[in-house]
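Number of protein chains: 4
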Amino acid sequence: MVTTRKPLRAAIIGLGRLGARHARHLANKIQGVKLVAACALDSNQLEWAKNELGVETTYTNYKDMIDTENIDAIFIVAPTPFHPEMTIYAMNAGLNVFCEKPLGLDFNEVDEMAKVIKSHPNQIFQSGFMRRYDDSYRYAKKIVDNGDIGKIIYMRGYGIDPISGMESFTKFATEADSGGIFVDMNIHDIDLIRWFTGQDPVQAYGLTSNIAAPQLADIGEFETGVAQLKMSDGVIATLIGGRHAAHGNQVELEVMGSNGWVRIGEHPDLNRVTVFNDQGVVRPSLQSFGERFDTAFTDEVQDFVNNVIVGKQPEVTVDDGIKALKIAKACQQSANIGKLVDIQL
Amino acid sequence: MVTTRKPLRAAIIGLGRLGARHARHLANKIQGVKLVAACALDSNQLEWAKNELGVETTYTNYKDMIDTENIDAIFIVAPTPFHPEMTIYAMNAGLNVFCEKPLGLDFNEVDEMAKVIKSHPNQIFQSGFMRRYDDSYRYAKKIVDNGDIGKIIYMRGYGIDPISGMESFTKFATEADSGGIFVDMNIHDIDLIRWFTGQDPVQAYGLTSNIAAPQLADIGEFETGVAQLKMSDGVIATLIGGRHAAHGNQVELEVMGSNGWVRIGEHPDLNRVTVFNDQGVVRPSLQSFGERFDTAFTDEVQDFVNNVIVGKQPEVTVDDGIKALKIAKACQQSANIGKLVDIQL
Amino acid sequence: MVTTRKPLRAAIIGLGRLGARHARHLANKIQGVKLVAACALDSNQLEWAKNELGVETTYTNYKDMIDTENIDAIFIVAPTPFHPEMTIYAMNAGLNVFCEKPLGLDFNEVDEMAKVIKSHPNQIFQSGFMRRYDDSYRYAKKIVDNGDIGKIIYMRGYGIDPISGMESFTKFATEADSGGIFVDMNIHDIDLIRWFTGQDPVQAYGLTSNIAAPQLADIGEFETGVAQLKMSDGVIATLIGGRHAAHGNQVELEVMGSNGWVRIGEHPDLNRVTVFNDQGVVRPSLQSFGERFDTAFTDEVQDFVNNVIVGKQPEVTVDDGIKALKIAKACQQSANIGKLVDIQL
Amino acid sequence: MVTTRKPLRAAIIGLGRLGARHARHLANKIQGVKLVAACALDSNQLEWAKNELGVETTYTNYKDMIDTENIDAIFIVAPTPFHPEMTIYAMNAGLNVFCEKPLGLDFNEVDEMAKVIKSHPNQIFQSGFMRRYDDSYRYAKKIVDNGDIGKIIYMRGYGIDPISGMESFTKFATEADSGGIFVDMNIHDIDLIRWFTGQDPVQAYGLTSNIAAPQLADIGEFETGVAQLKMSDGVIATLIGGRHAAHGNQVELEVMGSNGWVRIGEHPDLNRVTVFNDQGVVRPSLQSFGERFDTAFTDEVQDFVNNVIVGKQPEVTVDDGIKALKIAKACQQSANIGKLVDIQL
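Top to bottom, those sequences are chains A, B, C and D. UniProt numbering applies: residue 1 is where the first sequence begins, and numbers increase by one. UniProt numbering applies: residue 1 is where the second sequence begins, and numbers increase by one. UniProt numbering applies: residue 1 is where the third sequence begins, and numbers increase by one. UniProt numbering applies: residue 1 is where the fourth sequence begins, and numbers increase by one.
Read the hints as simulated data drawn from the structure, not as lab findings. Being a predicted model, the structure only gives us computed values, none of them experimental. Heads up, some of the hints might be wrong.
Simulated crosslink set (SDA-like; lysine to any residue; CA at most 25 Å straight-line) [said to hold, decoys possible]:
no. : chain 1 : residue 1 : chain 2 : residue 2
1   : B       : Lys326    : B       : Glu252
2   : B       : Lys323    : A       : Gly338
3   : D       : Lys151    : C       : Asp218
4   : B       : Lys141    : A       : Asp278
5   : B       : Lys142    : C       : Gly290
6   : D       : Lys141    : A       : Gln279
7   : B       : Lys151    : A       : Ser288
8   : D       : Lys312    : D       : Tyr139
Only some residues are given here: those of chain B computed to face chain A with a beta carbon under 7 Å [claimed, not checked]:
no. : residue
9   : Gly32
10  : Ala212
11  : Thr238
Cβ coordinates follow ideal geometry from the N, Cα and C atoms, glycine included.
All chains should be modelled from the sequences, with the hints used to inform the complete structure.
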């Protein structure tokens, strides 16, 4: 699409692993946008943004950036606890906001955030449920929507990080609140289950363990979480979050229908190479969600930019984000208290 | 193994789908045994046993058979509710007993059955947990026991029949008590979870549905059952039983360890053929557990015969059978009452 | 099938790797036959046959065995160069003969053998093309015969042994004539290509190498052989024989049709277990053709016994065996002389 | 990479299927370049380039475009027979040239083209062997170069189009010279075999057929081509080109090493979805090389642009292109004359 209009002017808050990915995409791949400013605490990250991405101005204080820059949109990729205040500040400054998931960790803050967002109906707010943009999920969704596998009976979502990421997670979780295993690892699965079934869960039974990583107990985290959900119209679902996969990044979704099933990501194939060696027949595995979802990250940001240009709110709303968060928290609560938890959304 | 001793003399009760399979194996494949008598209600089945298998005498009353025949061992493959009384009668008659799973459906009867079995410690009693004899499960068990995948964190067992079996199931369940979805479809998974982990479950959360087969409600059955189990030392497990698989017979077991995973039966491959056609790349699927486990059925019966010859009790005891039954019933009870159920074994 | 007739009385010549397998099957698995005598040079093998299989009498001279024993059928599993003289002696003694493939290595001897076989049309002669009895090949053959994949365009057959067998092959080939890489490793593929297409090859281009095993040059053998065949009605085929596979025993057949393809044995899966470890997602591989084809070996011998009982010649004739041998030799000749070779059958 | 230099100014000749893909990439994805002009015969294509891609000026005569426009680089994606004259004209006009494969169809023209290219050593010339930029081939190449699979023994390359493309191919080949099945479908495989082994073929045995598409005989084309190549240092290779695959676009490469194998693209998986339906377990397949190699096409063009910016000749030279062409033609010649063909490069 070629227009005579000038590109959107955008800024980003956060240049960590995911922030850097978004910044690279904005600078190099996304059409109709120009990344003009970036905010981070780490000066090396800011240098990188200037030198490698051509970002004009950098900041260490996000409010300064919002107050100073002439921008149309902001990308919030800071640590989760800051999402609400940043979003509120940016919405009140009249900006369009793309905010990474999850929306926050504190329900009061998130509720306030939602209120502010809804009070600015002409500004676009979009949260980072990028899996809805992934080719494989879209393909599966189409199969389901076509009725090819009948009515959904059961879903199973695995979000399990490779064991190679344990050290960096431990460091991160020592300093920050991860939100717990279900928020951290299954919030996308929860969104997908709601998206595929059109149902909300009404009851959760969560269990957690640290068999694979006893050291996590010291920082109040769990290595594995498993939850069984009862959905409003009878679908049953299982969530598994973990941080221990020896082979790679297992992001798997199963949709069992009355007339067929689909599995997305049954094996995390790294590429199209099969190796025949003394172990047998081997498919090497992906080690990171970034590799897995790079195209989806690009496509969701392009969609946000297009939405801003034409003034269209995205399919995924702030309420979807809040519901996913509440469901993840209910699973955690069930594991904490050892009881079934009823879910009110 | 060649011995000068005469073959064991054996009889069988029940010549239905599974009974006929056992009878064929006894007549044709198992060493050291001779199938001399058979009992069934259907005269066609008895004719078949005479003409095709060379069974000498047939009966319609099992007590007559036990009272009349000079036999060493009996195979009980009658409908489940008869297992206890038949086992008790046979044990009291001094026979070695192979009894198909599950042991029974009524706990009082099963407890009485166990008491009688234990009071005859010199007679072999073996129940039909044939999966422990399957090459793939044995291979996986060895990997786990070697420590190759670290400590077990999670297990998942699917026992899902092909949709092509729905009609015969409906007919069967209209006339008889299947024991419920978890007893009928997951009792082997329960045994395998206990076998792999060495742990017993302490709590169950079961959910059931008839989305894929509303007609089953009329006969008090469920098409799908899902249960999440908390095991005594922290392992978590998921069971799924079903009767709706469009592709075939999905008997899948996952063992997630702290240092690797194994999946057994991820796809129910019919054979070694891959078909490339207008659907894509296709692996045809097995349609029955009989095909899947034919060798395991043979091997378990050979093991029973060998055990009888040398006077050795099998690894799987009557208590294992009772525990599997209680666990399956607890999952069902949880689904029935909508609450967590504590499991006492 | 139960009959009042007495079992066939059978003897076997050769108790090596494959001979022992056939002997075990005859003693334990095949219906309607009794293995009464065995001939071998190794006294340990003969002891084993007596003690483990209950063979009554053993011999070190096959002619003595044929002259002395009252037998109906003989199984020839001796080294290939002896096949013709043994078959001729047994046919002339009035026996039914099962002879392992290939029929022989010297065309004059094989032609004489064929003449003798044909002069005894009332005795059954069957050679060991056991793949025609394998479930997967039969399933693929049915798909092809149904027309499901249209007309055959191309076929590809791999017969590649695991590298673990190199040492025993080197020992064997130092002492005996293997017949060359194409005879030794692809004779079954050749039979399958003729069976699937109904065509004979008219031209061969063979190439061989010892890149993976230079030491084989010292004993006049090749590690790898590749041949391209032009079939009489336009189908094209590729054969690959080898002895170097790091992963296992690769016996793969591809049938490319005008409306679909099938591959049999694309990966030599050991069982139904998938392992997820630090290499990625792994399927362990079969290491021997014996494991791969155990059921086919049983079924072909059962078929031979049934054929003898009812007096029916098998589908595979001695001429099929001769043709497969000539084709394999033509591939070898092409490689030896560096030219295209026209094939006259 | 951010520079203060202005983007390269580029033009494109040809806006067909592949030309449109390159044009889209140049307009939207490639950094450091601006697509300012396009040449095509079809006015709809030119309109599309103006309206959708923002191309400033369009032409129907490529010489006019080269003479008129102030450009640094040109992309030649016209029909193959025009490649030499266009390249020569552009090189003589001082441009950097990206030319799609194959270089041409007439050896005299191609030789002249090479001479002109070599006489302008300061201009970049790059041809479209995009598979060298594909992640999977690069990964496999690294495995091979690391020595992980030992020495290469054998390679097999399949380039087989889906049957759905038959109609458009027939139309195309009726009007133009495809170069024959090996040039059209296996030129990339030939390049990859040379790249992986570092060897050139010395002898070819080609066979062709029209079993799957007899109608192609009318236009002098073949549906299937198979060739066996003897490489200079003993590696053996098989090429298969075809136009009939029922399932999709089969671009498969096998590298058999003395200590392991790799296969790239064993199945043309469309995405990460596995479908379980009444056919069995199904992986949907890719239908076009464009989908398969979209990223590789992007990366090779980005590499060309980077090469132009820094003045570096690419790894793949015009001589590589000429050799691949000669090898493909030798396979065709062998099939035409029914003899082995020695290859002189």
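Hints, one by one, checked against the model:
1. Taking the CA atoms of B/Lys326 and B/Glu252, the gap is about 22 Å. The hint holds against a cut of 25 Å.
2. Straight-line distance between C-alpha atoms of B/Lys323 and A/Gly338 comes to about 23 Å, which keeps the hinted pair within the 25 Å bound.
3. For a cut-off of 25 Å, the pair hint linking D/Lys151 to C/Asp218 stands: about 20 Å separates their Cα positions.
4. Note on B/Lys141 and A/Asp278: the hinted pairing holds, with a Cα-Cα distance of about 21 Å set against a maximum of 25 Å.
5. Between B/Lys142 and C/Gly290, the direct Cα distance comes to roughly 22 Å. Compliance with the 25 Å bound is thereby established for this hinted pair.
6. Proximity of D/Lys141 to A/Gln279 is assessed by CA-CA distance (about 20 Å); at most 25 Å being required, the pair is judged to hold.
7. At most 25 Å may separate the alpha-carbon atoms for a hinted pair to count; B/Lys151 and A/Ser288 meet this at roughly 24 Å.
8. This hinted pair checks out: D/Lys312 and D/Tyr139 have alpha carbons roughly 24 Å apart, not beyond 25 Å.
9. The beta carbon of B/Gly32 is not positioned within 7 Å of any beta carbon in chain A (closest approach about 36 Å), and the interface hint is therefore violated.
10. About 4 Å separates the beta-carbon of B/Ala212 from the nearest beta-carbon of chain A, less than 7 Å, and the hint is met.
11. Annotation: B/Thr238 was flagged as interfacial toward chain A, and the flag holds, the nearest CB pair being 5 Å apart, inside 7 Å.
In the structure shown, a violation is registered for the earlier hint numbered 9 alone.
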